[in-house]
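Engineer: Here is how the chains run, residue by residue.
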Amino acid sequence: MPETSIKSRPVYGTLAPQPGTRHILLADGDGAAAIVDLARAAPPEFFERAHIITAPAAGAMAVRAPLRALAPAVLDETDRLAAALSRLAEVLAGAGMGTRLYVAGTEGTIGQAMQVALDAGVELGAIATEHRGSRARRVQCAHCKTFIDEVTTQPVACSGCGLMLFVRDHYSRRLAAFQGVCVDAEEPGSAPTPEEVFT
Amino acid sequence: MTITFRRETFRDDYNFSNSAVGIRRFPFPFDRDHYMYAVNIEPHVKGHPGTIYESLIDVDEHYVAEMQDRALVLAEDPLRSQSLPHMELAGWDLLELLMEQLAAGYPAHFELRRSGKRWRWVNRPLGIDDTFVFGAASTLPYGPMEYITRQAQGDFCILDQRDGNLWMDAGMVTTQADWSLDFDLGMNFMEWHAPVPRAHEMGVFDRALKFMLNLGQGQPMRRFNWTMTVNPRLDTSPETYPKWGPDRRSVTADNVGDKVHLRVELQSFWRLPRSNAIVFPIRCYLIKLEELVTVPKWARRMHRVLRDLPPDLVDYKGLTRWRPIAVDYLAAFDDGAATSPGIWPD
Chain A
1 MPETSIKSRP VYGTLAPQPG TRHILLADGD GAAAIVDLAR AAPPEFFERA
51 HIITAPAAGA MAVRAPLRAL APAVLDETDR LAAALSRLAE VLAGAGMGTR
101 LYVAGTEGTI GQAMQVALDA GVELGAIATE HRGSRARRVQ CAHCKTFIDE
151 VTTQPVACSG CGLMLFVRDH YSRRLAAFQG VCVDAEEPGS APTPEEVFT
Chain B
1 MTITFRRETF RDDYNFSNSA VGIRRFPFPF DRDHYMYAVN IEPHVKGHPG
51 TIYESLIDVD EHYVAEMQDR ALVLAEDPLR SQSLPHMELA GWDLLELLME
101 QLAAGYPAHF ELRRSGKRWR WVNRPLGIDD TFVFGAASTL PYGPMEYITR
151 QAQGDFCILD QRDGNLWMDA GMVTTQADWS LDFDLGMNFM EWHAPVPRAH
201 EMGVFDRALK FMLNLGQGQP MRRFNWTMTV NPRLDTSPET YPKWGPDRRS
251 VTADNVGDKV HLRVELQSFW RLPRSNAIVF PIRCYLIKLE ELVTVPKWAR
301 RMHRVLRDLP PDLVDYKGLT RWRPIAVDYL AAFDDGAATS PGIWPD
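Chains A and B, in that order, are what the protein sequence lines are. Taken in order, the first sequence gives residues 1 to 199; the numbers are from the numbering used here. Taken in order, the second sequence gives residues 1 to 346; the numbers are from the numbering used here.
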């Protein structure tokens, strides 16, 4: 049912230490393990120049302890993605040349962190990403423009206007969202039953 | 040349139609009896009087009604016109280009007088007479791109050139074949074309991008694209799909000649002088099948193209539901005779 992958569909890599004067790393609860994995390949001084921002679910010590053990220069622990993103914006505003950004987690986390970074003037090529965790998507309704987080089904009901949306692979970095288009516009009421596909 | 502008609508009662002269000058896009993607780019140079190439920015009998329809779209959805902050200079480039072309091509309708940076622009069909300072956006009622594209037929995308790619960073898009400027804004050439089937694998976009990156100033180029639309609706956007989607079920053997329209896009590409951006006007022309079949060559060829169109293109263009009805209708005008080469009527 989903469209086969297309050229606007984001492609993610594997986090690896890059040469740089400062390293900003952002991860959600799923992505934290990617930072731990990166640490295995990092030179000793890497985390002396590292600023880690985390947004795991509240109280998830299992996620936090391994990151604390890396002893980064700065560790910002938040329990909401929105808080982590605003912290990222502040940090990037003061970041100089040679700053590297690493983002790991769900597609929604990566997309929104990239949106903040691109708005702050970070070059696309200076952002490393790694997908971890669920394949839930952030979707924008093409009709009422509402953003719907954590979409796991195809189709999905818009939380704004209620239309049943087909979630396309077409993706906007500027909006940090996949496009959702009414699936039964030609024959209202004919939408298929949603199935869990982005898991 | 003086044009008589038709009073017509592209929504609600849909009373759009082409005059007999309008039919003869319609840009029929098929130069042979079958269709497949091709880059098909040629220099955008002036052609014969009585064709859409008489002037490089074409104004026709639908001008006033199309501008009224655009204003209605923008009133409902201002995001159809957007320009990222670094694109204002390109907007002034476009304003200059369109004012010069309109005034040169249609002096009875448009007039541009320049005194240094102080410009006076007269648009008689729309009743506009404005004086402004070129380069000073505060002296216009809208930003320069929006100001002038509210007065020019067709959609306009302005593409910034950097990092060996083109970026859709500004545009006025209200007569589109089901794509969203608001969603695609900021994307590069490959990204905004991502949903198009087949063409990527055929290398069409690689070749087209390479070509466009080398576009020279003063050497505009052009190509056709096409689809088909039920009802003469200019604004077939993703945003409004719930409004026009049901129309696709309304086609019957009785109304197909009036309801189904061939929709042709004349796409042209122009390098802009100050910004080095490219403006990409996408001019939409509509013709009813019952108008199209008055030209025998076009009727025969349209029948063959539509009948033999590959299934993935049928789906992509949104023709699936009613194509058999349209093919049957056109078959009655196809006697099997050979068609002459080229797009022009015999």
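Read the hints as simulated data drawn from the structure, not as lab findings. Some clues are possibly wrong.
[To be verified] With the Cβ distance kept under 7 angstroms, some of the chain A side facing chain B (calculated, not the full set): (1) Lys7; (2) Ser8; (3) Arg49; (4) Ala142; (5) Ala185; (6) Glu186.
[Unchecked claim] Counterexamples of contact, computed for chain A against chain B with all Cβ distances above 12 angstroms: (7) Ile6; (8) Arg22; (9) Leu70; (10) Ala71; (11) Ala95; (12) Glu123; (13) Gly125; (14) Lys145; (15) Leu163; (16) His170; (17) Ala177; (18) Asp184; (19) Pro188.
Treat the numbers as computed from the prediction; the structure is a model and nothing was measured. Every residue gets a Cβ at the ideal spot worked out from N, C-alpha and C, and that includes glycine.
Engineer: Are the hints correct? Go through all of them and say.
Structural biologist: Structure-based check of each hint:
{"no.": "1", "hint": "Lys7", "in the structure": "4 angstroms, holds"}
{"no.": "2", "hint": "Ser8", "in the structure": "4 angstroms, holds"}
{"no.": "3", "hint": "Arg49", "in the structure": "28 angstroms, violated"}
{"no.": "4", "hint": "Ala142", "in the structure": "4 angstroms, holds"}
{"no.": "5", "hint": "Ala185", "in the structure": "3 angstroms, holds"}
{"no.": "6", "hint": "Glu186", "in the structure": "4 angstroms, holds"}
{"no.": "7", "hint": "Ile6", "in the structure": "4 angstroms, violated"}
{"no.": "8", "hint": "Arg22", "in the structure": "24 angstroms, holds"}
{"no.": "9", "hint": "Leu70", "in the structure": "34 angstroms, holds"}
{"no.": "10", "hint": "Ala71", "in the structure": "37 angstroms, holds"}
{"no.": "11", "hint": "Ala95", "in the structure": "21 angstroms, holds"}
{"no.": "12", "hint": "Glu123", "in the structure": "9 angstroms, violated"}
{"no.": "13", "hint": "Gly125", "in the structure": "9 angstroms, violated"}
{"no.": "14", "hint": "Lys145", "in the structure": "8 angstroms, violated"}
{"no.": "15", "hint": "Leu163", "in the structure": "7 angstroms, violated"}
{"no.": "16", "hint": "His170", "in the structure": "5 angstroms, violated"}
{"no.": "17", "hint": "Ala177", "in the structure": "8 angstroms, violated"}
{"no.": "18", "hint": "Asp184", "in the structure": "8 angstroms, violated"}
{"no.": "19", "hint": "Pro188", "in the structure": "7 angstroms, violated"}
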